[in-house]
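Visitor: Going down the list, the sequences are from chains U and X.
In terms of this note's numbering, the first sequence opens at residue 197 and continues consecutively.
In terms of this note's numbering, the second sequence opens at residue 2 and continues consecutively.
A hint or two may mislead.
Partial chain X-side listing against chain U, Cβ under 10 Å, derived [said to hold, decoys possible]: (1) 173; (2) 178; (3) 215; (4) 285.
Now the stretches of chain U that chain X is said to cover, found in silico as 3 or more residues with beta-carbon under 8 Å [unchecked claim]: (5) 264-270; (6) 285-294.
In short, the hints are calculated from the structure, not lab data.
The beta carbon of each residue, even a glycine, is placed where N, CA and C say it ideally should be.
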Amino acid sequence: MLSLDRATLRFGGVTVLDAIDLHVGHGEVLGLLGPNGSGKTSLINVVTGIYPLSEGRVLIDGEDATFLPLHEIVARGVARTVQATRLFDRLTVLENVRPAQGCPRVAVEALLEKVGLADRRHAMASTLGFADRRRLDLARALALQPKLLLLDEPASALTAAETNAMAELLARIALPGRAVIVVEHKIDLIATLCPRAAVLHMGRKVAEGLPAEIRDDDFLREVYFGDRETADA
Amino acid sequence: MDSFTIGVVSNIGMMSLLALSAYLLLLVGEVSFGQQAFFGIGAYAAGIATVLWGWPLMAALLFAAFCGSATQLGVALPTLRLRGFYFSVATLAFAEAVRIVFELFRYRREVDGGLAGPDGEHGFRDIRYIYDNGIGTQDFLVLIWTLLVLALIAFIVLERSRIGPRLRMIGEDDVMAALNGIDVVRCKLAASAGAGALAGLAGGFYAHSVTYIEPGVFNVMLGVHTLAYGLIGGLGTAFGPLLGVLIDIGFLESFRGLSQYRMIVFGGLVVLLLILRPRGLLDEIAVNRLAGLFRRAQ
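Working from the sequences, and respecting the hints, build out all of it.
Guide: Below is the structure:
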């Protein structure tokens, strides 16, 4: 579904992504771990066309999508959520989801029902609490009926209870039947959702394997997640 | 209806069409100070079509809309790469250039034993189609408002479809709009073409309503008013610009006691609203509340 072939991104003299090779197959769920500034969100921005690659290629279903405009990448079945939940605050909940191409009104309503926002469909997005904004962002991305879904820290700034609810929601409606990359700091969430994970550090992929292996690797835990308390937070 | 009332209501109709053109661009986040240029192009085009070419009025109005649309599309292609302030300055500069072109533009032909047509800085006189063809000012008023109502219906249909939220998404965050699969450039070009058509149509009406147009009419103040109508009335619905026009022309200009203070009150109103309600009286929140009341009433 998605292949990164020596994907390299530079801003001036700073190398943000350094020759990343990554493959996510159809229906596969990959966790992407790493400390702040490791390049996780930049990688998602590269795949979705926000940042053009300096070197290397992005392949979607085997076709080169490296320099496609953003909307054409979406048309090839890629959707994402945004870490800072950039919703359209001047639109209602329904209007945030409804413009998706090929998603009829009844499907949009069903989607809002699934994420628990059906009762608030006519509320302005600006009036939603943080957890609801995350769920609306997810519904907006799912309405695009993606083959590849990129989740950028879906549990960021959520409480423990909200994180559990989000994990349950993702497992129920977001992950089945599509390729997914979950970018997250919380390794326990990755371990719950993803059979496989990769670790980025300073723009390089430094590990790839089972989340449990990564979590139990003393070197990775200390260098990339700090101590166990931080890792499990 | 007396002639003063007919004049005011006609003016409200024409300015509403012009205000809708600026509103359409504001929906996609573009602040144009240059809609008066396309209004002027429509006025000259329609006048030339009826006076010099002998076209019927409806064909001339369509031609005005086409000229406005084609020109705005031509301007949009290079300027849509510019963002925010730079786009506004570019539209303003273009409008001033068009005004100067009007001052230089001479296209005179003999009509009914005399010379007619645009005469540079002296303007374009005797655009008398409606008077020469027995169309009363009241009939013309009905025609203006019929097309305004049709335009409003088109906006309502647009806003209730997927297209409306798509345009508003572009206006709010064009990167996120593109991440929703929206072709931002194509939508902005379509909005520009529509905005130019509305401004051109309004200009065509204007030329035939006043019978005399001169380059000075299409100045920057007209552009500021056009933009301000949406900002006063509100950007939450197409009725917002209409409300802005009603406040300015219907209220401030029409009451004799207020007319001499019109610009002071109008300017003050714009400043006040930009501080208190930056997206106007009928902004998205107000429209959402009204829609909620309507749903509950149903």
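Visitor: Take the hints in turn and mark each one as holding or not.
Guide: Okay, the hints, checked on the actual structure:
no. : hint    : result
1   : 173     : 5 Å, holds
2   : 178     : 8 Å, holds
3   : 215     : 40 Å, violated
4   : 285     : 4 Å, holds
5   : 264-270 : holds (count 4)
6   : 285-294 : holds (count 7)
In this structure, only the earlier hint numbered 3 is contradicted, and the remaining ones agree with it.
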